[in-house]
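Add chain B to chain A, keeping to what the hints say.
Letter by letter, the chains look like this.
2 protein chains.
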Amino acid sequence: MERPYLLFLGDVADQLAAKTGQGIADWRPEWCVGQLRLPGCRADTGLADLTLDEAAAKGAKTLIVAVANSGGTMPEHWTEILTGALARGMDVASGLHTRLATIPGVGKAAAKHGRKLYDVRYTDRTFDTGKGHKRAGLRCLTVGTDCSVGKKYTALAITKEMERRGLKADFRATGQTGIFISERGVAIDAVISDFISGAAEWLTPGNDPDHWDIVEGQGSLFHAAFAGVTLGLLHGAQPDALVLCHEPTRKHMRGLPHAPIPELKDCFEPYLQMTSLTNPNCRFAGISIDTHLLPHRMAERLLKDTEDRFGLPCVDSLATGTGPIVDYLEKLCAN
Amino acid sequence: MERPYLLFLGDVADQLAAKTGQGIADWRPEWCVGQLRLPGCRADTGLADLTLDEAAAKGAKTLIVAVANSGGTMPEHWTEILTGALARGMDVASGLHTRLATIPGVGKAAAKHGRKLYDVRYTDRTFDTGKGHKRAGLRCLTVGTDCSVGKKYTALAITKEMERRGLKADFRATGQTGIFISERGVAIDAVISDFISGAAEWLTPGNDPDHWDIVEGQGSLFHAAFAGVTLGLLHGAQPDALVLCHEPTRKHMRGLPHAPIPELKDCFEPYLQMTSLTNPNCRFAGISIDTHLLPHRMAERLLKDTEDRFGLPCVDSLATGTGPIVDYLEKLCAN
Numbered sequence: 023m024e025r026p027y028l029l030f031l032g033d034v035a036d037q038l039a040a041k042t043g044q045g046i047a048d049w050r051p052e053w054c055v056g057q058l059r060l061p062g063c064r065a066d067t068g069l070a071d072l073t074l075d076e077a078a079a080k081g082a083k084t085l086i087v088a089v090a091n092s093g094g095t096m097p098e099h100w101t102e103i104l105t106g107a108l109a110r111g112m113d114v115a116s117g118l119h120t121r122l123a124t125i126p127g128v129g130k131a132a133a134k135h136g137r138k139l140y141d142v143r144y145t146d147r148t149f150d151t152g153k154g155h156k157r158a159g160l161r162c163l164t165v166g167t168d169c170s171v172g173k174k175y176t177a178l179a180i181t182k183e184m185e186r187r188g189l190k191a192d193f194r195a196t197g198q199t200g201i202f203i204s205e206r207g208v209a210i211d212a213v214i215s216d217f218i219s220g221a222a223e224w225l226t227p228g229n230d231p232d233h234w235d236i237v238e239g240q241g242s243l244f245h246a247a248f249a250g251v252t253l254g255l256l257h258g259a260q261p262d263a264l265v266l267c268h269e270p271t272r273k274h275m276r277g278l279p280h281a282p283i284p285e286l287k288d289c290f291e292p293y294l295q296m297t298s299l300t301n302p303n304c305r306f307a308g309i310s311i312d313t314h315l316l317p318h319r320m321a322e323r324l325l326k327d328t329e330d331r332f333g334l335p336c337v338d339s340l341a342t343g344t345g346p347i348v349d350y351l352e353k354l355c356a357n
Numbered sequence: 023m024e025r026p027y028l029l030f031l032g033d034v035a036d037q038l039a040a041k042t043g044q045g046i047a048d049w050r051p052e053w054c055v056g057q058l059r060l061p062g063c064r065a066d067t068g069l070a071d072l073t074l075d076e077a078a079a080k081g082a083k084t085l086i087v088a089v090a091n092s093g094g095t096m097p098e099h100w101t102e103i104l105t106g107a108l109a110r111g112m113d114v115a116s117g118l119h120t121r122l123a124t125i126p127g128v129g130k131a132a133a134k135h136g137r138k139l140y141d142v143r144y145t146d147r148t149f150d151t152g153k154g155h156k157r158a159g160l161r162c163l164t165v166g167t168d169c170s171v172g173k174k175y176t177a178l179a180i181t182k183e184m185e186r187r188g189l190k191a192d193f194r195a196t197g198q199t200g201i202f203i204s205e206r207g208v209a210i211d212a213v214i215s216d217f218i219s220g221a222a223e224w225l226t227p228g229n230d231p232d233h234w235d236i237v238e239g240q241g242s243l244f245h246a247a248f249a250g251v252t253l254g255l256l257h258g259a260q261p262d263a264l265v266l267c268h269e270p271t272r273k274h275m276r277g278l279p280h281a282p283i284p285e286l287k288d289c290f291e292p293y294l295q296m297t298s299l300t301n302p303n304c305r306f307a308g309i310s311i312d313t314h315l316l317p318h319r320m321a322e323r324l325l326k327d328t329e330d331r332f333g334l335p336c337v338d339s340l341a342t343g344t345g346p347i348v349d350y351l352e353k354l355c356a357n
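Chains A and B, in that order, give the protein sequences. With the numbering used here as the guide, the letters of the first sequence map in order to residues 23 to 357. With the numbering used here as the guide, the letters of the second sequence map in order to residues 23 to 357.
A portion of the hints provided could be inaccurate.
[Said to hold, decoys possible] Pairs of lysine-lysine, DSS-like flavour, derived with a Cα cap of 25 Å:
id	chain 1	residue 1	chain 2	residue 2
1	B	K287	A	K273
2	B	K182	B	K287
3	A	K273	B	K326
4	A	K156	B	K273
5	A	K353	A	K287
6	B	K273	A	K153
For the record, the hints were derived by calculation from the structure and aren't laboratory data. As the structure is a prediction and not an experimental result, all values here were calculated from the model.
If we strip away everything but chain A, and leave its shape as in the complex, we get:
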């Protein structure tokens, strides 16, 4: 995909729905010229607001539909932004389930202007079914109390810290945003369900004994819509270590107002029990809490209390870094 990017946020209802845009803006700001928001948009990546003309003038080469709504469909009234970008010489990329070429007018506009459409959630690759064979190398998977609680940021931050220390590590993207950021990976939630764990095995192949795959988790074992994806990824990734991610201000499971968030203490055992099928030696290596919505003192106390309570390193992957978790993983690796 040609850079730089213009991040299109549509008119999404909250910041979480723009997590694709936020992720690209946070981890690859040098790849972006700005964001484009429609009236009523309640998300903001912090990048400059641009019109299509302004973005074109700044040299934007690709418009990224940078939202992540549940179900992954594209509202009809966003179409004119897509065709407008194509008319101004930009390619268009999306990570939604809706394929760009199937949106009325978009395929035709791309052909007319000789531009490319990228559906990063899809791959032409076919996967085998999972086999569950033990593979060489080490794997760490981030898992969550809920969806959208920092699994990707935590995995990216752990990878970055490992690279800083000169360890062998690869971030393994399993969702659209991670793929935009790392320019590779598999959108596990778009794989035909028979092949979830097979795709996860393909994504995390056998490697050097001291090499870490840091795998972005998906969904949550406690989310009624997505736990199947979570479990297939868990089995395919056969992690040696898990990091539990949590967002402490969340009132209910994402998109399910009737469903309570599980307590941290109730999450460890089900994850380990389910992981044991393909890796009975898996252990938790830490807890990652997204504290950005808490006052600073409260956040500090929460991290400290959680660490004491569970005897595991507890970090905010952005605010405090993932050093203590990587220390723990290095110890695991040495054993």
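Coordinates of chain B only, in the frame set by chain A:
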């Protein structure tokens, strides 16, 4: 799909790989004219062996590719049977992942002879993501120690017994064979993984308070390739009752020679724990053991011992019928 059917078994390596054909032959024998097997085929549905010409002479209207291999792909050397059937005026139906029209020569032959191709594993329907809302009506899901252990037969037999008693019951097919038998359903393992539980919710909608959906299970929570599908179905079906299915002669998990079969006693708790997310009141209503490979006396003793050990009705759904399980479900329903 036009009847009668000719069941094509190819040259599959064992009886289990022909379970689609066996299922149709066992439950809808009156819909079949016979079977067609290639040299080396190690499966047998018990129907008459026919050539394409003999089947055409007997009035076969549809050739069904009646196999269920892991991964669901079609060997190249089967193509000439498909095109041969089309040339003789038959439609062709398949439940494999490979879409018939994408097999070189098959799409063209269907067009040339004006015949139809049916890919029952696929649907044009799109599903919403799962919501986990409690729905009215009762649901019973069959689950397994492994894949291919009688989940579909048990669900069909329970439905038949309920219908015999005048209860309100619907069999809900979740795989290709069940769809061929009941002429409706959703192949859950072919759904995009983000929508597994949403598809299961669609399949088992709110209903009368005394109505039973008897849902065919898929895979096994203990199978490294397919547990994600199993869990998504479990969450979407939000069963009030589970029936554990088992095949006592199996040496290892289907297709995974390194993976042992779990013991019955270790299966109940993980299934109930995972089901509790969308139905905390779910209970086991029985055990269904496929004893057809055991000597008669050994089979009788196994059923009796298992019943005594776990305090649940234990049946062979074909040999002994599912009466005791339906008794148990009726009691559950009355409470």
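Between K353/A and K287/A, is the straight-line Cα distance small enough, at 25 Å or below?
-> Within the cut-off at roughly 23 Å; holds.
Regarding the pair K182/B and K287/B, is the alpha-carbon distance no greater than 25 Å?
-> violated (28 Å)
K273/A paired with K326/B [C-alpha distance capped at 25 Å] = violated (49 Å)
Keeping to a limit of 25 Å between CA atoms, is the pair of K156/A and K273/B held or broken?
-> holds (20 Å)
Compare the distance between the alpha carbons of K287/B and K273/A with 25 Å, and conclude whether the hinted pair is satisfied.
-> Not OK: K287/B and K273/A at ~37 Å, beyond 25 Å, violated.
Could you grab the alpha-carbon distance between K273/B and K153/A and see if it respects the 25 Å cut-off?
-> Roughly 16 Å separates the two Cα atoms, so the pair holds.
Comparing the model with each numbered hint stated earlier shows that hints 1, 2, 3 do not hold.
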